[in-house]
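Undergrad: Turn these sequences into a full structure, and let the hints steer you where they fit.
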Amino acid sequence: MLMILLKRLVAAVILLVAVCVVGFVITGLGDGDPARNILGPEATHAQVAAENHRLGVDRPMLEQFADWVGGVAHGDLGNSYIGDQPVADKIRANLPVTMSMVALSMVVIAVLSLALAVASVYGRKSVDRFVQSLAVIGHVLPAYLLALLLLLVLAVKIQVFPVFGYVPLGESPVEWARSLVLPVLSLTLGSVAGASLQARGSLMDVLDADYIRTLRSRGISGRSLLFRHALRNAAPPWLTSLSLGFVAMLGGAFMVEKVFALPGLGALSVEATTAGDRPVIMGMVLLTGGLVILVNLLVDLAQMWLIPKARTA
Amino acid sequence: MSIEISAQAMDAPNRPSTFRMILRNPLSRVGVVLLVVVMCALVAAIVMDWVAPDAPWSADLYHLNEAPGTDGHLLGTDSGGRDVLSRLVVATKATMFSGVIALVVAMLLGLPGGLVAGYYGGRIDMALDWLSSMVMSLPSIIVLLAIVSSLGTSMWISMTALGCMMAPAVFRLLRAQVHAVRNDLYIDAAKVAGLSDLRIIARHVFRVVRGPLVLMVSVMAGVAITVQTGLDFLGLGDSTTITWGGMLGEGFAAMSANPVLFVWPGLAMAVTVAAFFLIASGARDALQRTDGGAAAASRSKATHLKPVPASSDAPPGADDVLAVRGLTVGYPSGGEVVEVVRSANLTLRRGHTLGLVGESGSGKTQTAFALLDLLPRQAMLTAGEVWLDGTEILRLAPRDRARRVREAIAYVPQEPMSNLDPTFTIGYQLIEPMRARGVGRAEARDRAVALLSRMEIRDPERVMKSYPHQISGGMAQRVLIAGAVSTEPRILIADEPTTALDVTVQSEILDLLRSVQEEFGMSIILVSHDLGVIADLCDDVAVMRDGQVVETAPVEEFFARPRHEYSRMLLDAVPDENHVRPDYVEARSARQGAHTGEAHR
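As you go down the protein sequences, you meet chains A and B in turn. Quick note on numbering: the first sequence equals residues 1 to 313 in the working numbering. Quick note on numbering: the second sequence equals residues 1 to 601 in the working numbering.
Just to be clear, a hint being listed does not mean it is correct.
Stated by the list, open to error - Distance condition first, Cα-Cα at most 25 angstroms in a straight line; then the derived DMTMM-like pairs of lysine to aspartate or glutamate: (1) K309(A) x D511(B); (2) K93(B) x D49(B); (3) K125(A) x D208(A); (4) K465(B) x E443(B); (5) K465(B) x E392(B); (6) K125(A) x D285(B); (7) K309(A) x D208(A); (8) K465(B) x D210(A); (9) K465(B) x D530(B); (10) K309(A) x D129(B); (11) K309(A) x D210(A); (12) K309(A) x D54(B); (13) K465(B) x E171(A); (14) K309(A) x E461(B); (15) K7(A) x D129(B); (16) K7(A) x D208(A); (17) K7(A) x D125(B); (18) K93(B) x D285(B); (19) K125(A) x D205(A); (20) K309(A) x D502(B); (21) K309(A) x E171(A); (22) K93(B) x D129(B); (23) K465(B) x E488(B); (24) K125(A) x E508(B); (25) K465(B) x D446(B).
Said to hold, decoys possible - So these bits of chain A aren't anywhere near chain B, every CB distance computed over 12 angstroms: (26) A73; (27) D89; (28) L95; (29) A103; (30) P168; (31) R216; (32) A267.
Hints in this document: simulated from the structure, not taken from any laboratory. These figures come from a predicted structure and were not determined experimentally. The C-beta atom is built at its ideal place from N, Cα and C for all residues, glycine as well.
TA: Rendered as structure tokens:
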């Protein structure tokens with residue numbers, strides 16, 4: 001079991017390095033002249049060359065990458081081209097907004113999708129129909145469109161929730177929650193259905209399994225059968241769909257942040273993209289790639305905990 | 001040659017009917033209507049490029065943010081005083097085009113990759129699979145931002161990148177499907193016939209993946225359009241091209257002055273994505289039409305039981321622990337009910353063993369499940385009576401019936417490995433049912449260990465701590481018998497308890513069943529297609545065929561003088577009958593003699 005974990009960890013690190021290489025290559029595809037962007041069209045060639053030299057972008061690609069990796073190893077993500085601020089500081093300032101939003105949304109999706117799946121397996125057909133229509137909404141109305149509609153109806157017209165802005169959790173937990181209701185709603189409404197359908201299908205398969213029938217023949221029924229045996233066995237595909245949902249949610253989160261004017265990673269990334277701020281983009285590549293790999297590792301761990309056979313595979 | 005002909009023959013009736021199925025589906029019909037609307041807009045956009053290329057750009061600064069319907073502007077004007085409708089129509093072109101770019105790239109990369117990886121396997125497969133999992137662990141938004149930051153806002157480039165990000169999905173689908181058919185017979189046959197690898201792939205594999213691929217294309221088209229629009233909404237799109245995303249961004253910026261401006265491009269995108277999604281759903285339903293009906297059926301409706309004609313059979317005697325009269329079980333299939341058990345009559349005598357024989361599909365297992373109250377939820381009990389210890393149980397409330405059945409009847413399944421929950425230890429699975437019956441934790445544990453040693457398991461403490469995948473099939477079956485006996489049942493229903501086991505283990509399990517029956521004084525219904533097992537263990541035999549019990553007889557009489565024609569066929573099918581048949585009876589009487597001898601001692 002420890003060996004498997006170690007193997008997974010090594011694979012994850014290799015994957016993360018590969019992701020960073022890809023990110024570095026992509027961000028280096030341009031003309032490699034950030035000084036011109038920074039100094040503007042008025043600057044002389046000499047000034048631009050000097051600035052490029054100061055930033056170190058006139059060196060060979062490989063050297064730049066080695067330099068960046070060396071910095072990352074020491075926790076230094078380099079400095080932003082804009083304002084010369086450390087990238088790590090910039091990310092740290094904007095991370096809590098996006099993470100509260102995404103983490104809260106994932107929790108909501110996990111709880112709701114499981115509840116809906118159980119309800120649709122044991123309950124009436126109307127639950128099924130409700131989930132199906134949620135699935136259509138999820139496909140047809142992407143998070144940002146949903147956010148715009150919610151903004152128009154609940155914040156502008158009825159004014160139940162704040163239109164924009166973010167209140168840190170430490171400042172006022174109630175206001176923090178209030179400022180996140182609409183963003184989280186926009187991110188979850190569509191994604192719940194997908195995870196729920198996955199859980200439902202998996203649960204139906206498990207409930208048809210031989211061992212469930214045998215357990216019933218021994219007099220195990222109701223809650224014990226569902227919560228102890230069926231849900232546990234049905235969980236792996238659902239967990240995988242949650243981790244895929246997490247990757248997809250980041251994109252939606254950036255756009256939802258724009259709608260509600262939340263100072264999160266979306267705002268930071270869009271600003272960096274428009275300015276061609278490579279260090280910040282690379283910091284985002286490292287962060288999000290690392291997060292995704294971390295979530296996948298956690299899902300692997302959860303599956304090992306739930307399904308003993310996975311510990312030996 | 002013959003392969004190609006047969007493949008074409010299969011294909012000819014298949015394709016139009018699937019297409020018609022898609023059109024018949026109400027969901028996809030709505031989708032098709034929406035798609036026609038979008039296509040009209042697309043044509044209009046192309047025509048407008050010819051007729052009035054300036055219309056979407058001409059700004060009227062005296063009429064900013066006009067409400068819909070005013071002054072020749074059907075949907076009003078935007079914050080720049082430009083006509084919303086003409087911009088909306090023109091944007092169709094760019095948006096659809098972006099979807100096409102992404103799809104083409106995803107297909108160009110994913111299809112060949114998946115085919116090659118799935119067909120050849122080995123290192124190519126590993127390398128491509130690793131590559132695809134790397135791409136999948138990159139959030140596409142970050143990649144798109146990185147691309148835009150270095151190469152600018154060209155839609156060509158960003159949509160090509162999106163296509164690369166979507167390629168792994170195509171790759172995975174194709175690889176799995178190709179993998180599944182790779183070793184299929186017809187591929188081997190094609191190899192023998194001397195077809196080149198490329199032609200094998202092209203001809204045969206595409207036939208299999210066609211359906212799922214169509215589904216994936218329409219879902220991905222929707223995703224591509226959504227992402228492109230979102231990117232433009234973020235302000236990272238090409239500002240010289242009119243797109244719905246760009247209009248959405250403008251509408252959002254002008255929300256305070258013109259709150260409905262963003263609704264139009266949003267609606268346009270929603271309609272387009274809905275068209276693709278609904279067609280895809282319809283296509284999926286059409287492709288899965290075979291298994292859609294059964295899952296939709298609700299719980300078994302045992303409430304509408306038809307009474308059994310009084311003359312059907314003798315009422316159960318005092319010594320009959322379990323008696324079945326006129327039992328009929330059906331499954332809904334395409335509006336009617338297909339009966340898998342028809343008017344079955346069975347009688348199990350106290351302390352005796354009843355063998356239920358017949359070939360697979362004859363209704364043996366369904367009968368057993370009906371007696372155990374374990375029928376699948378879509379099954380329907382339409383008629384019959386089941387007398388358990390002199391009480392008719394089918395007309396009891398479900399809860400009462402379940403309680404009586406669980407108390408009296410235990411079940412030993414056919415396939416030992418799949419009948420243990422893979423996530424719990426053997427010990428837990430033995431203890432839990434006893435705990436549910438109110439036995440204390442320590443006592444249940446002691447009893448479980450004792451039962452395991454009673455089942456001749458050498459190291460019960462170790463087995464208690466093991467998970468199902470850590471023990472052998474034979475041991476699993478011993479565990480299952482222990483589990484069945486643990487609830488102290490009066491009746492044991494064993495469904496082909498030895499079929500899945502090695503021959504050497506089979507006789508051990510049969511011996512075990514016999515000794516357990518003696519010790520606990522149980523009556524057994526033994527479902528089997530193996531006449532050797534029946535002769536070995538049973539006192540009475542019931543023969544089932546096509547859901548009906550065609551003969552019931554004491555075992556000696558059955559082997560000596562089978563009355564029904566089908567019984568004779570079954571016996572004739574046993575190899576070397578002259579030798580085997582007397583053997584059965586001989587072995588049996590010898591054993592019974594031994595038993596009576598023991599009893600006298």
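Undergrad: Each of the hints needs a verdict: does it hold here or not?
TA: A quick look at each hint next to the structure:
At most 25 angstroms may separate the alpha-carbon atoms for a hinted pair to count; K309(A) and D511(B) exceed this at roughly 32 angstroms. Between K93(B) and D49(B) the alpha-carbon distance is near 10 angstroms, which keeps this suggested pair within the 25 angstroms criterion. Simply put, K125(A) and D208(A) have alpha-carbon atoms about 19 angstroms apart, close enough for the 25 angstroms limit, and the pair holds. With a C-alpha separation of about 17 angstroms, the suggested pair K465(B) and E443(B) falls inside the 25 angstroms cut-off, and the hint holds.
A C-alpha spacing of about 41 angstroms is found between K465(B) and E392(B), which places the hinted pair above 25 angstroms, so the restraint is violated. Distance restraint check for K125(A) and D285(B): the Cα-Cα separation of roughly 17 angstroms lies within the 25 angstroms cut-off, and the hinted pair is therefore satisfied. Restraint check: the Cα-Cα separation between K309(A) and D208(A) comes to about 20 angstroms, which is no more than 25 angstroms; the hinted pair holds. About 22 angstroms separates the Cα atoms of K465(B) and D210(A), which keeps this hinted pair within 25 angstroms; it holds.
At most 25 angstroms may separate the alpha-carbon atoms for a hinted pair to count; K465(B) and D530(B) exceed this at roughly 34 angstroms. A distance of roughly 23 angstroms separates the Cα atoms of K309(A) and D129(B); the hinted pair therefore holds under the 25 angstroms criterion. Proximity of K309(A) to D210(A) is assessed by CA-CA distance (about 18 angstroms); at most 25 angstroms being required, the pair is judged to hold. The straight-line distance between the Cα atoms of K309(A) and D54(B) is roughly 66 angstroms, outside the 25 angstroms bound, and the hint therefore fails.
About 51 angstroms separates the Cα atoms of K465(B) and E171(A), which puts this hinted pair outside 25 angstroms; it is violated. This hinted pair checks out: K309(A) and E461(B) have alpha carbons roughly 20 angstroms apart, not beyond 25 angstroms. As the CA atoms of K7(A) and D129(B) are separated by approximately 17 angstroms, the hinted pair is consistent with the 25 angstroms bound. In summary, the hint linking K7(A) to D208(A) is not supported, as the alpha carbons are separated by about 34 angstroms, beyond the 25 angstroms threshold.
For the given pair, K7(A) sits about 20 angstroms from D125(B) by alpha-carbon distance, which is consistent with the 25 angstroms threshold. Taking the CA atoms of K93(B) and D285(B), the gap is about 30 angstroms. The hint is violated against a cut of 25 angstroms. Taking the CA atoms of K125(A) and D205(A), the gap is near 18 angstroms; set against the 25 angstroms cutoff, the hint holds. For the hint pairing K309(A) with D502(B), the CA-to-CA distance comes to about 24 angstroms; that is within 25 angstroms, so the pair holds.
Under the criterion of a C-alpha separation no larger than 25 angstroms, the hint pairing K309(A) with E171(A) is inconsistent with the structure, at around 46 angstroms. Of the pairs offered as hints, the one joining K93(B) and D129(B) is violated, with about 35 angstroms between alpha carbons and a cut-off of 25 angstroms exceeded. At roughly 23 angstroms between alpha-carbon atoms, K465(B) and E488(B) fall within 25 angstroms of each other, so this suggested pair holds. Our distance criterion of 25 angstroms between C-alpha atoms is broken by K125(A) and E508(B), whose separation comes to about 48 angstroms.
Taken as a hint, the K465(B) and D446(B) pair is honoured in the structure, with Cα atoms around 14 angstroms apart against an allowance of 25 angstroms. Look at A73(A): its CB is around 21 angstroms from the nearest CB on chain B, clear of 12 angstroms, so calling it non-interface holds up. No Cβ of chain B approaches the Cβ of D89(A) within 12 angstroms, the least distance being about 20 angstroms, so the stated non-interface status holds. Every Cβ of chain B is farther than 12 angstroms from the Cβ of L95(A); the closest lies at roughly 14 angstroms, confirming the non-interface assignment.
At roughly 15 angstroms, the least C-beta separation between A103(A) and chain B is larger than 12 angstroms, which holds for a residue marked as non-interface. No beta-carbon of chain B is positioned within 12 angstroms of the beta-carbon of P168(A); the least distance is around 24 angstroms. Distance check on R216(A): its Cβ comes as close as 6 angstroms (rounded) to a Cβ of chain B, failing to clear the 12 angstroms threshold; non-interface status is violated. Not every beta carbon of chain B lies more than 12 angstroms from that of A267(A), the smallest distance being close to 10 angstroms; the non-interface claim is violated.
Hint compliance for this structure: hints 1, 5, 9, 12, 13, 16, 18, 21, 22, 24, 31, 32 are broken, all remaining hints hold.
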